[in-house]
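Novice: Those protein sequence lines, which keep their order, are chains P and U. Quick note, the first sequence lines up with residues 1 to 254 if you use the numbering used here. Quick note, the second sequence lines up with residues 255 to 499 if you use the numbering used here.
It cannot be assumed that every hint is accurate.
Think about it this way: if two alpha-carbon atoms lie no more than 25 Å apart in a straight line, the pair counts; the simulated DMTMM-like pairs of lysine to aspartate or glutamate are [as the list claims (entries may be wrong)]:
hint, chain 1, residue 1, chain 2, residue 2
1, U, 412, P, 51
2, P, 73, U, 342
3, P, 242, U, 440
4, P, 250, U, 418
5, P, 239, U, 479
6, P, 242, U, 479
7, U, 353, P, 175
8, U, 419, P, 171
9, P, 250, U, 384
Treat the hints as calculated values from the structure; they're not laboratory data.
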Amino acid sequence: MGKVKIKRKSTLIDMTAMSDVTVLLLTFFMLTSTFLQKEPATVITPSSVSEVKVPTANLVTILVSGAGVVDGKRDASVEGKIFISVAGDVDSTFSSENVREAVLIEAVTNYNKLHKNNQIELTNAQVKAFSKLNMFGLKFSELPKFLEMEVAEQDEVMKHLDNPIVGIPIDDNRDMNKPNEFQIWMRAIYNVAEANKDLGNEAFASALRRSGEGIAVKADKDTPYSTIHNVLDNLQTLKLNKFSLMTALKTEQD
Amino acid sequence: MAQIEQSDKGGKGKKGGQKKMAIHVDFTPMVDMNMLLITFFMLCTTMIKSQTLQIALPSNEKVEEAQQNKTKQSEAITLILDTERDADGNVMMDLETGKPKHTVYYYEGKPVVDDENKDGIIDNPNIKVEKFIGNSNTGETFGIRNILHNRNKQVLEKINVQKEKWRNKELTDEEYQTLAKDIRNDSTLVRPVVIIKAGPNASYESLISALDEMQINQISRYQIDNINGVDSALIFAYKTLNGIK
Numbered sequence: 001m002g003k004v005k006i007k008r009k010s011t012l013i014d015m016t017a018m019s020d021v022t023v024l025l026l027t028f029f030m031l032t033s034t035f036l037q038k039e040p041a042t043v044i045t046p047s048s049v050s051e052v053k054v055p056t057a058n059l060v061t062i063l064v065s066g067a068g069v070v071d072g073k074r075d076a077s078v079e080g081k082i083f084i085s086v087a088g089d090v091d092s093t094f095s096s097e098n099v100r101e102a103v104l105i106e107a108v109t110n111y112n113k114l115h116k117n118n119q120i121e122l123t124n125a126q127v128k129a130f131s132k133l134n135m136f137g138l139k140f141s142e143l144p145k146f147l148e149m150e151v152a153e154q155d156e157v158m159k160h161l162d163n164p165i166v167g168i169p170i171d172d173n174r175d176m177n178k179p180n181e182f183q184i185w186m187r188a189i190y191n192v193a194e195a196n197k198d199l200g201n202e203a204f205a206s207a208l209r210r211s212g213e214g215i216a217v218k219a220d221k222d223t224p225y226s227t228i229h230n231v232l233d234n235l236q237t238l239k240l241n242k243f244s245l246m247t248a249l250k251t252e253q254d
Numbered sequence: 255m256a257q258i259e260q261s262d263k264g265g266k267g268k269k270g271g272q273k274k275m276a277i278h279v280d281f282t283p284m285v286d287m288n289m290l291l292i293t294f295f296m297l298c299t300t301m302i303k304s305q306t307l308q309i310a311l312p313s314n315e316k317v318e319e320a321q322q323n324k325t326k327q328s329e330a331i332t333l334i335l336d337t338e339r340d341a342d343g344n345v346m347m348d349l350e351t352g353k354p355k356h357t358v359y360y361y362e363g364k365p366v367v368d369d370e371n372k373d374g375i376i377d378n379p380n381i382k383v384e385k386f387i388g389n390s391n392t393g394e395t396f397g398i399r400n401i402l403h404n405r406n407k408q409v410l411e412k413i414n415v416q417k418e419k420w421r422n423k424e425l426t427d428e429e430y431q432t433l434a435k436d437i438r439n440d441s442t443l444v445r446p447v448v449i450i451k452a453g454p455n456a457s458y459e460s461l462i463s464a465l466d467e468m469q470i471n472q473i474s475r476y477q478i479d480n481i482n483g484v485d486s487a488l489i490f491a492y493k494t495l496n497g498i499k
């Protein structure tokens, strides 16, 4: 009897096909997805049938934080904090960084005009640091200290929504001679957009003024209307009457 | 990693014949790396792009009485939104449907505010209550959608004719949109004017739902307004008369 020879088979698997598939998947993800933006508060937007997409450029997003949950109970103290995010044009002259710098300088100048006693001074490095922030929401008086911090420290501060310095102060003021801080910011953004129009970029100004695409209000679905109304009313006072409300697409058929 | 295998035949074949080489490149590390990249993209990015609903609010400035646009009483319908909340302020859920408890109070024309027995409660408030329910699969409408649907029937019927054509590819997207817009703004048709008022407790979601109904029912004239004393009194009267706390 002859010995049965066991053939030695190589265990190598051809990974080329697998590699092809993964590269395809990767390409798909890279092309279709957008990066998550860092936002201090997570909100679940309500759903609607509207299919108008949020523009990516020339957009001011006003985020209104929803209520938090502490020990299973609703915590209304963190509700209604305001954060603003400014996205500039694709054009590098009017990029987000440049627009944000201009907005900060404009807003601080206005603030100093109104508050002669507690003026704020910003260094160039602080202005640069501000232009890197995707979303900001802080009292003016805290800005210089905040902009000196490392990114990780800034995130730590913004994480605590119950901290009174977090969130742009807002009230139901209708007197534009004594604007509140939210109104100073929005007015500054508007002025910068108008200034950019003179420099040759009309897109931002027209998005803000005419079409209503330029301002998006993002709020949680459970937030009471009394809180939302405050923001809407401030926008009305600023004569920014046209704006959009951010929603998610309705999935079910109802 | 990469191997070049000599095939067996090479040795015994013709002298001087070219040796056949099979090249195997091991793609396993490449796959590993790609998988890592995919994981990264899946975790750090989002596919969903938010939608927006565009609205225009009136200016806050005082308008002279003479310049005000008055709405015809027969056309006006006022929706007052409210959301039920528990003691902590959480939105209450309807146990049957699993949806949040949003209520829509509505009245047509002017509010009726007679209080003949002087008890501080309006006697016969012309206010009714509906909910956001939507429609069934067969296209029947329920709740507040049904009310608005009936008020805007003429417009909806005309638009549905065009929609059918658009579905059958007789109209392009753009043509359909312009036609629909013209029909929505056609002043010869009976069209309602909807005034949306949200109570302080009403959630943002209910406001969006109300605005959504405007889109679904092709209503072109609607307005977000502030709730006033009369509206609160009406709701209070309705609740007292129906024994709702």
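Novice: Look at each hint and say if it fits the structure.
Specialist: Here is what the structure says about each hint:
{"no.": "1", "hint": "U:412 - P:51", "in the structure": "holds (22 Å)"}
{"no.": "2", "hint": "P:73 - U:342", "in the structure": "holds (7 Å)"}
{"no.": "3", "hint": "P:242 - U:440", "in the structure": "holds (23 Å)"}
{"no.": "4", "hint": "P:250 - U:418", "in the structure": "holds (23 Å)"}
{"no.": "5", "hint": "P:239 - U:479", "in the structure": "holds (16 Å)"}
{"no.": "6", "hint": "P:242 - U:479", "in the structure": "holds (15 Å)"}
{"no.": "7", "hint": "U:353 - P:175", "in the structure": "violated (40 Å)"}
{"no.": "8", "hint": "U:419 - P:171", "in the structure": "violated (51 Å)"}
{"no.": "9", "hint": "P:250 - U:384", "in the structure": "holds (21 Å)"}
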